[in-house]
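Undergrad: Residue-level listing of the chains:
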Amino acid sequence: MLTAIAAFAVLASLFGLLLGYSAIRFHVKGDPIADQIDAVLPQTQCGQCGYPGCRPYAEAVARDEAKINKCVPGGEAVVLTLADLLGKDPVPLESGEDKPKALAVIDEEECIGCTLCIQACPVDAILGAAKQMHTVIASECTGCALCVAPCPVECIHMIPIGEDPGSWKWPYPASVHHPLPQLGTA
Amino acid sequence: MQQLHASKTRQRLWRFHGGIHLPDEKELSTGRPVTGAPIPAVLTIPLRQHIGEPAKPLVRVGDRVLKGQRIAEPQGYVSATIHASSSGTVTAIEERPIPHPSGLAGICILIETDGLDEWAKLPMPLDNYEDLDPDVVRERIRWAGIVGMGGAAFPTSVKLNPGPHQPIRTLIVNGAECEPYISCDDMLMRERSGLVIRGASIVMHLLGARDCLIGIEDNKPEAIEAMCLAVAKSDIKDSACVCTIPTFYPSGGEKQLIRILTGKEVPTNGIPAQIGVLCQNVGTLAALAEAVLEGKPLISRYVTLSGRGIEKPQNLEVRIGTPIKDLIQAAGGLQGEGRRLVLGGPMMGFTLDSEQVPITKAANCVLALTPDEAPDPGPALACIRCGKCAEVCPANLLPQQMYWYARSKDLEKVQDYNLFDCIECGCCAQVCPSHIPLVQYYRYAKTESWAREQEKRAAGHARARHEAREARLIRLEEERKAKLRKKKEVLSKEPAAARAETGPKGTAVAQDPKKAAIEAAKKRVAAKKAALAEQGVGPKNTRDLTPSQQRQIDVAEKRRAAAETAATQAAGED
Numbered sequence: 250m251l252t253a254i255a256a257f258a259v260l261a262s263l264f265g266l267l268l269g270y271s272a273i274r275f276h277v278k279g280d281p282i283a284d285q286i287d288a289v290l291p292q293t294q295c296g297q298c299g300y301p302g303c304r305p306y307a308e309a310v311a312r313d314e315a316k317i318n319k320c321v322p323g324g325e326a327v328v329l330t331l332a333d334l335l336g337k338d339p340v341p342l343e344s345g346e347d348k349p350k351a352l353a354v355i356d357e358e359e360c361i362g363c364t365l366c367i368q369a370c371p372v373d374a375i376l377g378a379a380k381q382m383h384t385v386i387a388s389e390c391t392g393c394a395l396c397v398a399p400c401p402v403e404c405i406h407m408i409p410i411g412e413d414p415g416s417w418k419w420p421y422p423a424s425v426h427h428p429l430p431q432l433g434t435a
Numbered sequence: 054m055q056q057l058h059a060s061k062t063r064q065r066l067w068r069f070h071g072g073i074h075l076p077d078e079k080e081l082s083t084g085r086p087v088t089g090a091p092i093p094a095v096l097t098i099p100l101r102q103h104i105g106e107p108a109k110p111l112v113r114v115g116d117r118v119l120k121g122q123r124i125a126e127p128q129g130y131v132s133a134t135i136h137a138s139s140s141g142t143v144t145a146i147e148e149r150p151i152p153h154p155s156g157l158a159g160i161c162i163l164i165e166t167d168g169l170d171e172w173a174k175l176p177m178p179l180d181n182y183e184d185l186d187p188d189v190v191r192e193r194i195r196w197a198g199i200v201g202m203g204g205a206a207f208p209t210s211v212k213l214n215p216g217p218h219q220p221i222r223t224l225i226v227n228g229a230e231c232e233p234y235i236s237c238d239d240m241l242m243r244e245r246s247g248l249v250i251r252g253a254s255i256v257m258h259l260l261g262a263r264d265c266l267i268g269i270e271d272n273k274p275e276a277i278e279a280m281c282l283a284v285a286k287s288d289i290k291d292s293a294c295v296c297t298i299p300t301f302y303p304s305g306g307e308k309q310l311i312r313i314l315t316g317k318e319v320p321t322n323g324i325p326a327q328i329g330v331l332c333q334n335v336g337t338l339a340a341l342a343e344a345v346l347e348g349k350p351l352i353s354r355y356v357t358l359s360g361r362g363i364e365k366p367q368n369l370e371v372r373i374g375t376p377i378k379d380l381i382q383a384a385g386g387l388q389g390e391g392r393r394l395v396l397g398g399p400m401m402g403f404t405l406d407s408e409q410v411p412i413t414k415a416a417n418c419v420l421a422l423t424p425d426e427a428p429d430p431g432p433a434l435a436c437i438r439c440g441k442c443a444e445v446c447p448a449n450l451l452p453q454q455m456y457w458y459a460r461s462k463d464l465e466k467v468q469d470y471n472l473f474d475c476i477e478c479g480c481c482a483q484v485c486p487s488h489i490p491l492v493q494y495y496r497y498a499k500t501e502s503w504a505r506e507q508e509k510r511a512a513g514h515a516r517a518r519h520e521a522r523e524a525r526l527i528r529l530e531e532e533r534k535a536k537l538r539k540k541k542e543v544l545s546k547e548p549a550a551a552r553a554e555t556g557p558k559g560t561a562v563a564q565d566p567k568k569a570a571i572e573a574a575k576k577r578v579a580a581k582k583a584a585l586a587e588q589g590v591g592p593k594n595t596r597d598l599t600p601s602q603q604r605q606i607d608v609a610e611k612r613r614a615a616a617e618t619a620a621t622q623a624a625g626e627d
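In the order they appear, the protein sequences are chains D and G.
Numbered according to this note's numbering, the first sequence terminates at residue 435, and the numbering increases by one at each position without gaps.
Numbered according to this note's numbering, the second sequence terminates at residue 627, and the numbering increases by one at each position without gaps.
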């Protein structure tokens, strides 16, 4: 009887030590789920979800404080991926439909060089200095539209990106075959 | 003749999985000899005719260009040069409809031809290519703007540079031309077999390949005969072999042809160079031989015009940039009702919305199909899981599973089933009893996956930039705070130190020249005042005062005294 108790006590303390050691040794810093969610988000940092950037939204979703359908630029694809990742049911986008992608373009005639847009840009995609004309580096612009509101002369416009043969995607097939377009006599 | 027979039968053949028999319909267009298409009034030459970056224009509107003149240069490594295919004047560089399944427009150079067809000065032929550095020959091929003419339009100079870690043993010449209707490679092999073989010889020399296998389907006996003769007459007769392969779709697919001729499988997501094989289309080899041996760039190609909607189906030698409408006219125009224009073959081609689109380097066939030839398959029905698609898939895939996942937009899952090994041959859709447009689903899933991949890369880039910005802002804020703290420290130290040494005034004067000047001026004024007071002269405004003025002065003096005492008290407390 006593041996059994002693043996279990020894075993329990051994395992306790082992667990305690591994809790310290293999401690994971940060929140891996938030990291995974952040990796899915489009990183526009636009704040349309109501959080100041993608990372805070990812953390809120990880804490189950925010719904998964708030990311406007991510669209349906992000909702589906997040639903898959978190084992939740996919829900329709809060903002309705997917918005077409756009780029910010500064009307250089009207720009007064106030630098307000430069301060607003989350990815440093606007180039310029005080009292100098500003311009958007198109390859870096994420289309978040955060620079539009601060502009005092309203010279920034969001121009939708048109489709070109290089970026064109085959459409999702219609469930019913449509008759093929027929050409008239040439 | 004995030698011919030997070169035809030496090779053992293998089979690939799946595939289907299709009515070949080639005799429609092989009955007439190949003629040159007339020079069109306007050439529309797209800047993106190849895989990779579009070319960059070298000419401006209004320039006169000559036939064979470079009008656009490659941008980046995977890109191709573009040449004017006839002489004339550049009238515009703008967006025009191009042959693309989307029907979208692309940037084109428009040349109004002058009918003279005047050649530009061409570079020297490289007849002695065997003695030259392979890089010189490769540079010539790049200059000539040669791309894969079987349909993929991958820049040939890039393909011919597989790198030292991938030695090429076998060159495979693709003359299979397995799709119905198309006969341009057949006609090319009949008429220019010598050029094709010389092209093969150049490529073998460039790559150091030891064997050359020429795969031709057995429904082209004339082409086989011509190629055998050309091989027998060539300098590669010992290493080259014309292999007659059964007519079976899609034996002309790169991986399928390699399997048939060598028995080797190209690894998934891999390229043939990994197994020491390189595959070239016969049209590409002919163009390459012309570039190296005659100094001519790629400005024309053989195009099949066929289908029962065309009056006189035939093959034409067409200048790149000729509108399809002109070609149809050259082939006697359209006939019949309700026909469908297709660019490429009936299995892998796409419907054209406009007859204005030009012929590009990769365009091998224009079809005008009557409703009998291309019947409307009717509405897609539910998948009954019959498995026929998997039986015919030449890439050994599971089309049914890929269909389910593509339909539910599960792009990860569909990639797990090796979506990217699909060659879009259309066998599965052809045999599907439910008429499901399977290839459309795979194309959707492929382009969507590429777009997602690109978005992911862009997101990673944006994240890095955002994090860098955040870090910079924090750093700047800290720097600002540190500066403030330092300033405060200096300010708070200074007066204490000053008081400890010589009193507030002394140090301040000693330290600041401005303050010193003020003190000096004050002293001068005080000395002057004292001198005047000695003489009994006071300031004018202190003499003959009215009682009210005197009162005001008293009040002001009192206020000043109070303020001074308050100031000294405050300084003391500080």
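Calculated directly from the structure, the hints in this document are not laboratory data.
Predicted model only: the values in this text are computed from it and were never measured.
We put the beta carbon where it would ideally sit given N, CA and C, even for glycine.
Any given hint could be a false lead.
Stated by the list, open to error - Some chain D residues close to chain G (C-beta under 7 Å, calculated; not the full set):
#1 Thr-252
#2 Ser-344
#3 Lys-418
Unchecked claim - Chain G side only, calculated, beta carbon under 10 Å to chain D, not exhaustive:
#4 Thr-144
#5 Ala-145
#6 Asp-167
#7 Asp-170
#8 Ala-173
#9 His-519
#10 Ala-521
#11 Ile-527
#12 Ala-620
Undergrad: If a hint holds in the structure, say so; if it does not, say that too.
TA: Cross-check of the supplied hints:
1. For Thr-252 (chain D), the interface hint is violated, since its Cβ never comes within 7 Å of a Cβ in chain G; the closest pair sits about 55 Å apart.
2. A least Cβ separation of about 18 Å between Ser-344 (chain D) and chain G goes past the 7 Å threshold, and the interface hint is therefore violated.
3. With a least beta-carbon distance of about 4 Å to chain G, the hint placing Lys-418 (chain D) at the interface is held under the 7 Å criterion.
4. The beta carbon of Thr-144 (chain G) is not positioned within 10 Å of any beta carbon in chain D (closest approach about 22 Å), and the interface hint is therefore violated.
5. With 10 Å as the threshold, the beta carbon of Ala-145 (chain G) stays out of range of chain D, its nearest partner Cβ sitting at about 18 Å, so the hint is violated.
6. Interface restraint check for Asp-167 (chain G): the shortest CB-CB distance to chain D comes to about 26 Å, outside 10 Å, so the restraint is violated.
7. Against a cut-off of 10 Å between C-beta atoms, the interface hint on Asp-170 (chain G) is violated, since the closest Cβ of chain D lies about 26 Å away.
8. With its C-beta approaching chain D no nearer than about 29 Å, Ala-173 (chain G) sits outside the 10 Å limit, and its interface hint is violated.
9. Among the interface hints, the one on His-519 (chain G) holds; its C-beta lies about 5 Å from the nearest C-beta in chain D, closer than the 10 Å criterion.
10. The interface hint given for Ala-521 (chain G) holds, since its Cβ lies 7 Å from the closest Cβ of chain D, which is under the 10 Å cut-off.
11. Interface restraint check: Ile-527 (chain G) against chain D, minimum CB-CB distance 14 Å, threshold 10 Å, status violated.
12. Nearest Cβ of chain D to the Cβ of Ala-620 (chain G): about 40 Å, over the 10 Å cut. The hint is violated.
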